[in-house]
Structures are given as C-alpha cells and as structure tokens.
Amino acid sequence: MSTKTSEQLEAEAQHLLASFEGKELTRKERLAIPQQEMPAQDPNERRFTMSEVTYGYSEAQARVEAARCLQCKNAPCIEGCPVRINIPAFIQAIEDREYNQSISIIRETNILPAICGRVCPQENQCQEACTVGKVFKDPMQSVSIGRLERFVADRARASAGQDAPAVKPETGKRVAVIGTGPASITVAADLRREGHAVTMLEAFHRPGGVMVYGIPEFRLPKAIVDEEIETLKHMGVEIRTNFLVGRTRKLKDLIAKDGFDAIFIGSGAGLPKFLGIEGENLVGVFSANEYLTRSNMMKAYDRERADTPIFQPRKVAVFGGGNVAMDAARTAVRLGAEEVNVIYRRTRTEMPARVEEVDHAEEEGVRFHFLRSPKRILGDERGRVVGIECLSYELGEPDDSGRRRPVVIPDSESVIEVDTALVSIGNDSHPLITQTTPELETNKWGNIITDDTGRTSMERVYAGGDIVLGAATVILAMGEGRKAADSIHRELSGT
Amino acid sequence: MNRILAKQQLSEHVFRIRVEAPLIAEEREPGQFVIIQLDSNFGERIPLTIADADQAEGSVTLIFQAVGRTTRRLAELREGDEIANLLGPLGRPTEIRRFGRVVAVGGGIGVAPLFPILQALKEAGNHVTAIIGARTRELVILEDEVRAVADELIVCTDDGSYGRKALVTKPLEEVCSAEPAPDLAVAIGPPVMMKFCVETVRPYDIPVMVSLNTIMVDGTGMCGGCRVTVGGETKFVCIDGPEFDGREVEFDNMLKRLDAYREQEQQALENCKIEEMHR
Ligand SMILES: Cc1cc2nc3c(=O)[nH]c(=O)nc-3n(C[C@H](O)[C@H](O)[C@H](O)COP(=O)(O)OP(=O)(O)OC[C@H]3O[C@@H](n4cnc5c(N)ncnc54)[C@H](O)[C@@H]3O)c2cc1C
Ligand SMILES: Cc1cc2nc3c(=O)[nH]c(=O)nc-3n(C[C@H](O)[C@H](O)[C@H](O)COP(=O)(O)OP(=O)(O)OC[C@H]3O[C@@H](n4cnc5c(N)ncnc54)[C@H](O)[C@@H]3O)c2cc1C
Ligand code: SF4
Ligand code: SF4
Ligand code: FES
Chain A
321 MSTKTSEQLE
331 AEAQHLLASF
341 EGKELTRKER
351 LAIPQQEMPA
361 QDPNERRFTM
371 SEVTYGYSEA
381 QARVEAARCL
391 QCKNAPCIEG
401 CPVRINIPAF
411 IQAIEDREYN
421 QSISIIRETN
431 ILPAICGRVC
441 PQENQCQEAC
451 TVGKVFKDPM
461 QSVSIGRLER
471 FVADRARASA
481 GQDAPAVKPE
491 TGKRVAVIGT
501 GPASITVAAD
511 LRREGHAVTM
521 LEAFHRPGGV
531 MVYGIPEFRL
541 PKAIVDEEIE
551 TLKHMGVEIR
561 TNFLVGRTRK
571 LKDLIAKDGF
581 DAIFIGSGAG
591 LPKFLGIEGE
601 NLVGVFSANE
611 YLTRSNMMKA
621 YDRERADTPI
631 FQPRKVAVFG
641 GGNVAMDAAR
651 TAVRLGAEEV
661 NVIYRRTRTE
671 MPARVEEVDH
681 AEEEGVRFHF
691 LRSPKRILGD
701 ERGRVVGIEC
711 LSYELGEPDD
721 SGRRRPVVIP
731 DSESVIEVDT
741 ALVSIGNDSH
751 PLITQTTPEL
761 ETNKWGNIIT
771 DDTGRTSMER
781 VYAGGDIVLG
791 AATVILAMGE
801 GRKAADSIHR
811 ELSGT
Chain B
3 MNRILAKQQL
13 SEHVFRIRVE
23 APLIAEEREP
33 GQFVIIQLDS
43 NFGERIPLTI
53 ADADQAEGSV
63 TLIFQAVGRT
73 TRRLAELREG
83 DEIANLLGPL
93 GRPTEIRRFG
103 RVVAVGGGIG
113 VAPLFPILQA
123 LKEAGNHVTA
133 IIGARTRELV
143 ILEDEVRAVA
153 DELIVCTDDG
163 SYGRKALVTK
173 PLEEVCSAEP
183 APDLAVAIGP
193 PVMMKFCVET
203 VRPYDIPVMV
213 SLNTIMVDGT
223 GMCGGCRVTV
233 GGETKFVCID
243 GPEFDGREVE
253 FDNMLKRLDA
263 YREQEQQALE
273 NCKIEEMHR
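Here the protein sequences come in this chain order: A and B. For reference, each letter of the first sequence is one residue, going 321 to 815 in the numbering used here. For reference, each letter of the second sequence is one residue, going 3 to 281 in the numbering used here.
If you are wondering where the hints come from, they were derived from the structure by calculation, not from laboratory data. For glycine and all other residues, C-beta sits at the position ideal for the given N, C-alpha and C. One thing to keep in mind: the hints can contain errors.
[To be verified] Only pairs whose alpha carbons sit at most 25 Å apart, straight line, appear in this in silico PhoX-like list of lysine-lysine: (1) B/237 - A/570; (2) A/553 - A/803; (3) A/593 - A/764; (4) A/593 - B/197; (5) B/237 - B/275; (6) A/343 - A/393; (7) A/695 - B/237; (8) A/457 - A/393; (9) A/635 - B/9; (10) A/348 - A/457; (11) B/9 - B/275; (12) B/237 - A/764; (13) A/764 - A/803; (14) B/258 - B/237; (15) B/275 - A/619; (16) A/348 - A/488; (17) A/493 - A/570; (18) A/593 - B/9; (19) A/803 - A/488; (20) A/493 - A/577; (21) A/572 - A/454; (22) A/493 - A/572; (23) A/695 - B/258; (24) A/593 - A/635.
[As the list claims (entries may be wrong)] Which residues of chain A face chain B? A few of them, derived with a C-beta cut under 10 Å, are: (25) 533; (26) 562; (27) 568; (28) 572; (29) 591; (30) 594; (31) 629; (32) 687; (33) 747; (34) 752; (35) 810.
One chain only, chain A, in its complex shape:
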C-alpha cells in the first residue's frame, strides 16, 4: 500500500537513477533496486471522485523500474503473456530512453497496451513467471511489467496522439464484427489492415464493450477506450451502434440478405448470474452489471446531469470476490455508501480479483467478510432490502484441484444490516444470438463452440472472447480475436 506522495516517489527515483546512471549494472545490483511504487490518489480523497486512482509512473520511475529487469535469455515472462509481447526488448528500450521503439515493440502483438497495462491480472500472467519475482518468492515483487507497458503507451498517446496503422488496398471482401469489446476491436483492426471492409455491430449506443459499461472510470478512463475506437474509424472501420444481432437482424441474414462474406461474434459474457436465494428480487438488489452500467455508461454518478437514476446506497453488501465485485464495491463507495461489505465464500488468497484492486478497495474502507455466503436477503413490508442473512464456512479437505473447499458450519447464521445488495458472482454468455441462431453449436454453459482457429459450426462464422471462453480477461479476448482474424483472413484470401 502506498503511503508516499507522487513527489516523494519521484525524488526517490531521481536519486536512485543518479546513483547508477551510466554504469553497467550487475545482476546483484539490479536485484537490489527497490520496486517502484505506483503513485496514486490519496484514499481519503479518491472515495469522492470517479477520476483514475493511479497516476502512472514518471519517466524517472519507469527508468528505475526498467533497470530491475535482468534481461533473461529465456525470458519466461513472454510465455506468461497471452499475446507474447517481447517484454525484455520493450523494457530494454525504456532503459535506453527509446520510447518510440518501445511502443513499436509492444504494438507488434498488442494493439491495446494502455488498456492492458492497466487491467491485466499481471500477477497471474507475465509477472507470475518473472525471474525477479521468483528470486523474491513473491510475484508481487516481479518487474512491474504492466506499469511499464502503461507508461510507454500513455507517453505515446500524449506525444503523437494515435497514428492509425496503414491499411492495404481494398480486397472487396466484407466482414461483420458483432460487438465492440476487446475481441472485436482486435478482429476489426487486423482485418481492416489486410484491406477487408469491416462493419462493427454494437447493441449499445456506445462502443467498447465491458471496457465502457463494466470497468469503471477510476480504473480505466473511458477516454482511452474512445481513442482506440477513433483509431479504428480512421482506418475506415464502420461502427453501427444500436444494432442488436438476433433482433435488428438475424445472424443468418447478415450473410443471406446483407452480403457479408464472414462474421465474427464477440458478444461477450453479458448475462448476470443470480444466486437463486430468497429475497433476490427485492428492491435494492442489483446485478453488478446493472449497477455498473447505470454508473459507467449511463453516468448516473453525475447526479446533476444524468437522467438515469441510481439507487442511493447507505449500507451495502457485495456478493463475490472477482474484479466485478471489487468494481461494484468501490463504485458504491464513490456513490456515497457509508459502509460497504464484500461477502466472499473462500479466503483472501482465493479471490480471483487482481491483487491491486483488492488492496485499493481495502484502502478505500471496503470491509471483507471471508468464509461467508448469503443464505437469504431480508426485506421489509415495502419490499425493500433491510439485511442479509449469512452462513459461515470453514476450509475443509482439499478437493481434486488441490484447493481446500469451504464447508458450511451448521447453525452459523448471522445477519448484516444493509439496504443494498450487489450480486457479482459472475456472468454467463450472452444468450440472444445463440437463441435466435439454432445452427450455432454451444456447450452446456451456452458458450459458442469453436475449433482452435475460432471457426464455429456455421460456415463463414467465427467467434472469440468471452462468448467462447466464458467470463475471462481483456487480453485473452484479444488473443482469441487475433486468432480468429487470422483464419478469417486466410479464408477470405483463399490461402
């Protein structure tokens, strides 16, 4: 947890930099450099604002952090990154102050670095594999690859703006890309670059997928997503909002009537799960999706200007332990809740949320109740939430996966008084396209089945991202998109 101000962190970095500038550092010296803390807004201030929590590294901090990289020959970090960024190379370029080169290296494989640098669960990906983290036996001590990626990406954004990638001559082929999340953005960019005409079809009035309606402004400024969308437009990608495939047009008709040569489905995992417990339809119970959409996309936090209302919380219970739960909890804090309780069935170590988000939530005063799970939601005569009844658990024997399963403790009911409950126990795949397209094969969770090139059971139709993987991550969705774009291009160009 950061207790230092940006100025203090900057002074320390400058000091360190001066101490080794121009010197050839040994492995031991590199390992002795302290990890650079991320400058962040003061927790007491940020509770009242939607603006971004972290400020990003200064140049000095980035150069110090880059010096921690050992430039490992085998570079295990690359294996940990789903899109295989050449991590040591881009970090070396930072050390050499060749920032343009650094961003070019990253862009070779990742078109959304400013986003991934912010939201990737690095401790489970690139940084989990990092040698430095291994030396300290703690992935949180690894080289801060994500923060460095963000640094170069932000710097490129600030200096040159975004230069749209070159587009090859028109091929005359037309592709419809459903959805505008990270999977779809990747497909659109890759295929447009090859000269295919690309039309993106988005149900919402605003493109960006979960990155605009789900992940809050304080974690991912919407301006960054908008820039990426603008880049696509500059490349000549057409974006049609307010277009719900399955209703505005049936999937099959996109080929039969509208003459698209191929389709990519990137419709995401947008169906909120509920617990199926008593009281779940009381007034004051919301899916995290609804709560976050009202706040992020509909801007309901801006009570002066927004027309969309949002429930005014006083005491809140959030069910779940993932990123979505953290976002819901921290949004409730910012909307003025006096008390926010996260109820999670396992313990802190099993929480799927990014470690940084859990830390930030805690700094902002969110309370955690581990080994607890809601049994029912209690309401008053007006049908409004007044509390939740929880059961307590203890960790039992390890199951097949080696994780110790939570086992309920009999008669352990207790009540937490709340007026708002936010359900964030995950999302299932968006059902509309599959419901209206019986030809598409799905698995028992409703995810579209594809082969390893992204091809579905329907001819010319490809899919990727959360609709295939189940709720996953931005970077995995992009990886899927890249794969599908590659096979679509091969099909269209007959190679």
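Once you've looked at the hints, dock chain B with the ligands against the given chain A.
Same frame as chain A, now just chain B with the ligands:
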C-alpha cells in the same frame, strides 16, 4: 437517422410519432418494443412499444404518455428532429395463432401496445372482443383504430364521461362468463389493472396474456434490472418477455420494483417542470 417524420397529439399527455427506422420496420413483429435515448451522454434509455410500422416508408410508430423527464422531452421534439438512439426491435414477438375467441383489454396508454396485437390476432382468424378503458373521456385513445379491427368494442371510463361508467374488469367479467367463452384473454395497461384483470379471469381457467412494463436499462438481457418472478422463476422481461401468462406473474413484487426510483423520478419531474416554466 431516426428522424421524426410525423407527430400528433392524441390527448393531453399522449402523443403519437412516426420515426424513421427502416431496419426495425422490416424486422419487427407485434408485441415488440424499442429503446430510445434522447442524448448519448446523459440521456436515460426508455422502452416504448412499436405501435405500428410502415415498411415502404421505413418507419415505426410510437405512442407514448408524457409521464416523466424523458417522455416529456420526447413530447417536445418536433417533426424533423432526431432521436439520438433507437434500438430494436426488442423482446419476443407475441405468439399469434388461431385461438378462437379472444377478449383483449387495453387500459390507458396500454391500448397502444395492444393495437398491433389485435391486428395480428384478427388477421390470424380470431374473433376479437376489445375492451378499452381510461380514467376519463380525454384519455381514451385509438378508439377508431380499434373499432376498425375488432369484432366488438366496449369502451368504458372510470368517471362515466364516455362509454360505460365502469372499470375494465366489469365488462371483462361479463365476456368471460358469457357463452361461448373466450379461449384467450389479453390485458395490457397499468400494472395494477393487469393484476386485477388476471384475478378476474383466473376462475374461468383461460390463459391471460399480459405485457409487462418493468424498468429497463439495456433491453438486451445484460443487466437483470427488468427481472420479474414468473411461475416461481426469475425471468428477464426484455428477452424472455415482455409477454407472459399473467396467472404466473408475481405482480406485487413487480409493483414494488417499479417504485424503486420513485423519489428520484419525482425530483427529476419537478426539475423538468421548472425548466419548462422557464422556457
Ligand atoms: C466489471 C468488470 C470488470 C472487469 N475487470 C477486468 C480486469 O480488471 N482485467 C481484465 O483483464 N478483465 C476484466 N474483466 C473481463 C473483461 O472485461 C472481459 O473478459 C472482456 O471485456 C471480454 O471481451 P469480449 O470482446 O469478449 O466482449 P465484451 O467486452 O463483453 O463486449 C461484448 C460486446 O458485444 C455487445 N453485444 C452483445 N450481444 C450483442 C448482439 N447480439 N449484437 C450486437 N452487439 C452485441 C455488447 O453490448 C458488448 O459491447 C472485467 C469484466 C467486468 C464485467
Ligand atoms: C416493454 C415496455 C413497453 C412500453 N411501452 C410503452 C408505450 O408504448 N408507451 C408508453 O407511454 N410507455 C410505455 N412503456 C413505459 C415507458 O417506458 C415509461 O413510461 C418510461 O420509461 C417513463 O420514462 P420517463 O423518464 O418519462 O419517466 P420516469 O421519470 O422514469 O417516471 C415517471 C413516472 O412513471 C412511472 N414509470 C416509470 N417507468 C415506468 C414503467 N416502465 N411503467 C409504468 N410506469 C412507469 C414512475 O413510477 C414515475 O411515477 C413501456 C415499458 C416497457 C417496459
Ligand atoms: S499484455 Fe498483459 S500479460 Fe502481456 S505483458 Fe502486458 S500486462 Fe503482461
Ligand atoms: S522474466 Fe522478468 S527479469 Fe526476466 S526478462 Fe522477463 S521481465 Fe525481465
Ligand atoms: S433491461 Fe437489462 S436485462 Fe432486461
């Protein structure tokens, strides 16, 4: 995009607009609705039923009652103005087939969503008895249109200023108890009216189709804000509905959920009235 081609005032607070929307006009079926938003940044998304469509012109007709901030602003738009965002057609289409005899109740603004369903039921060869009700004479809408489609029409007002002085449940009861009995009842209107229509029909063991008007955000199945309990299960009105067999709907819970934002809506309405006064 989404230009208002024609606008007409049907009663003090009820308006009919025809909006450019070629794709929606082509695909829509009776029972479906759209979601509109008047401002892409700060506007609210609200659902409105597609009352009619003209494929040749590429337009849909919406009939709405100015009740709150968004519908009042919509009422202020003129021919030639544009609606920033229009998404649809949403929801499952009505199940239209030959049921035999149908009794259909439309209350207040509910006559608007009922009308395309009546048209389709009639075309499918049903005998249709329509009952339309309103608080008072000025609020009776689409009477001529319904009369042209239905085999029989009963109009009633709460205050007796027009047609019969009765609540719609009265003639509904009479139609249900007469011979030959209807094979299907339809009730669309304010939630309380639908609730009482369902109770009126229940003893006769006839399915009673209602169209639920819950609060919605996305209208695509993503938020769960529109959920209702139907037959003991949670359903999303925007993708599983909007029509359900009313006998299975838990109206009391739905009514409470509709009130979730009452105070904020009242405040918005007040602000809206003040704005209008200053203009
Ligand atoms: C609150 C929240 C926080 C998260 N935090 C993180 C994080 O910190 N790090 C991380 O890596 N991942 C995070 N994730 C997960 C990540 O956002 C998703 O894995 C990723 O966005 C999936 O991308 P996608 O392209 O598959 O689809 P999505 O981003 O889900 O986009 C799908 C798009 O398709 C549109 N659509 C759906 N159906 C239709 C249709 N029929 N017609 C037209 N359009 C349609 C939707 O409106 C949406 O815009 C988070 C998710 C949520 C909800
Ligand atoms: C599937 C569907 C179809 C609909 N079709 C039509 C239609 O064809 N014509 C039409 O006039 N309306 C229709 N409605 C209702 C319409 O969406 C609401 O009137 C509208 O959302 C009100 O928005 P507002 O901002 O003007 O008012 P708000 O400020 O949101 O509300 C003003 C007042 O209206 C009440 N209210 C809010 N939402 C609803 C609602 N969904 N149902 C009933 N009362 C509500 C509030 O309690 C409040 O007292 C439909 C609703 C649904 C779900
Ligand atoms: S894209 Fe994500 S996983 Fe890959 S290097 Fe960047 S932060 Fe790490
Ligand atoms: S594993 Fe860590 S130290 Fe080694 S090259 Fe990658 S980032 Fe640098
Ligand atoms: S309106 Fe969001 S799920 Fe129905």
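Going down the list of hints, with the structure as the test:
1. In summary, the hint linking residue 237 of chain B to residue 570 of chain A is supported, as the alpha carbons are separated by about 23 Å, within the 25 Å threshold.
2. Only pairs whose Cα atoms come within 25 Å are accepted, and residue 553 of chain A paired with residue 803 of chain A is accepted, the gap being roughly 22 Å.
3. Proximity of residue 593 of chain A to residue 764 of chain A is assessed by CA-CA distance (about 15 Å); at most 25 Å being required, the pair is judged to hold.
4. Distance hint between residue 593 of chain A and residue 197 of chain B is unfulfilled; the C-alpha atoms sit about 28 Å from each other, more than 25 Å.
5. For the hint linking residue 237 of chain B to residue 275 of chain B, the alpha-carbon distance of about 36 Å lies beyond 25 Å, and the restraint is violated.
6. Between residue 343 of chain A and residue 393 of chain A the alpha-carbon distance is near 21 Å, which keeps this suggested pair within the 25 Å criterion.
7. Note on residue 695 of chain A and residue 237 of chain B: the hinted pairing holds, with a Cα-Cα distance of about 21 Å set against a maximum of 25 Å.
8. Among the hinted pairs, residue 457 of chain A with residue 393 of chain A is consistent with the structure: their alpha-carbon atoms are about 20 Å apart, no more than 25 Å.
9. In summary, the hint linking residue 635 of chain A to residue 9 of chain B is not supported, as the alpha carbons are separated by about 46 Å, beyond the 25 Å threshold.
10. Distance restraint check for residue 348 of chain A and residue 457 of chain A: the Cα-Cα separation of roughly 16 Å lies within the 25 Å cut-off, and the hinted pair is therefore satisfied.
11. With a C-alpha separation of about 22 Å, the suggested pair residue 9 of chain B and residue 275 of chain B falls inside the 25 Å cut-off, and the hint holds.
12. Our distance criterion of 25 Å between C-alpha atoms is met by residue 237 of chain B and residue 764 of chain A, whose separation comes to about 19 Å.
13. A distance of roughly 24 Å separates the Cα atoms of residue 764 of chain A and residue 803 of chain A; the hinted pair therefore holds under the 25 Å criterion.
14. The straight-line distance between the Cα atoms of residue 258 of chain B and residue 237 of chain B is roughly 16 Å, inside the 25 Å bound, and the hint therefore holds.
15. The hinted pair formed by residue 275 of chain B and residue 619 of chain A meets the criterion: a straight-line CA distance of about 22 Å does not exceed 25 Å.
16. At roughly 48 Å between alpha-carbon atoms, residue 348 of chain A and residue 488 of chain A are farther apart than 25 Å, so this suggested pair is violated.
17. With a CA separation close to 20 Å, the supplied pair residue 493 of chain A and residue 570 of chain A stays within the 25 Å bound.
18. For the hint pairing residue 593 of chain A with residue 9 of chain B, the CA-to-CA distance comes to about 42 Å; that exceeds 25 Å, so the pair is violated.
19. A C-alpha spacing of about 19 Å is found between residue 803 of chain A and residue 488 of chain A, which places the hinted pair at or below 25 Å, so the restraint holds.
20. The suggested pairing of residue 493 of chain A with residue 577 of chain A holds, with an alpha-carbon distance near 15 Å, which does not exceed 25 Å.
21. Annotation: proposed proximity of residue 572 of chain A to residue 454 of chain A is violated, straight-line Cα distance about 51 Å (limit 25 Å).
22. Distance hint between residue 493 of chain A and residue 572 of chain A is fulfilled; the C-alpha atoms sit about 17 Å from each other, no more than 25 Å.
23. Taken as a hint, the residue 695 of chain A and residue 258 of chain B pair is honoured in the structure, with Cα atoms around 22 Å apart against an allowance of 25 Å.
24. Between the alpha carbons of residue 593 of chain A and residue 635 of chain A the distance comes to roughly 22 Å, so the proposed pair stays at or under 25 Å and holds.
25. At about 8 Å, the closest approach between the beta carbon of residue 533 of chain A and any beta carbon in chain B falls short of 10 Å, and the interface hint on this residue holds.
26. The interface hint given for residue 562 of chain A holds, since its Cβ lies 4 Å from the closest Cβ of chain B, which is under the 10 Å cut-off.
27. At about 6 Å, the closest approach between the beta carbon of residue 568 of chain A and any beta carbon in chain B falls short of 10 Å, and the interface hint on this residue holds.
28. The interface hint given for residue 572 of chain A is broken, as the beta carbon of that residue sits about 13 Å from the closest beta carbon of chain B, more than 10 Å.
29. The interface hint given for residue 591 of chain A holds, since its Cβ lies 6 Å from the closest Cβ of chain B, which is under the 10 Å cut-off.
30. Here the hint on residue 594 of chain A is kept, as its CB sits about 6 Å from the closest CB of chain B, short of 10 Å.
31. For the restraint placing residue 629 of chain A at the interface with chain B, the shortest Cβ-Cβ distance is roughly 4 Å, inside the 10 Å limit, so the hint holds.
32. Taken as an interface hint, residue 687 of chain A does not check out: its beta carbon lies about 25 Å from the nearest beta carbon of chain B, beyond 10 Å.
33. The beta carbon of residue 747 of chain A comes within 9 Å of a beta carbon in chain B, closer than 10 Å, and the hint placing it at the interface holds.
34. Contact between residue 752 of chain A and chain B, as hinted, is supported at the beta carbon level, the nearest pair being about 6 Å apart and thus within 10 Å.
35. A least Cβ separation of about 31 Å between residue 810 of chain A and chain B goes past the 10 Å threshold, and the interface hint is therefore violated.
Violated hints, listed in ascending order, are 4, 5, 9, 16, 18, 21, 28, 32 and 35; each of the other numbered hints is respected by the structure.
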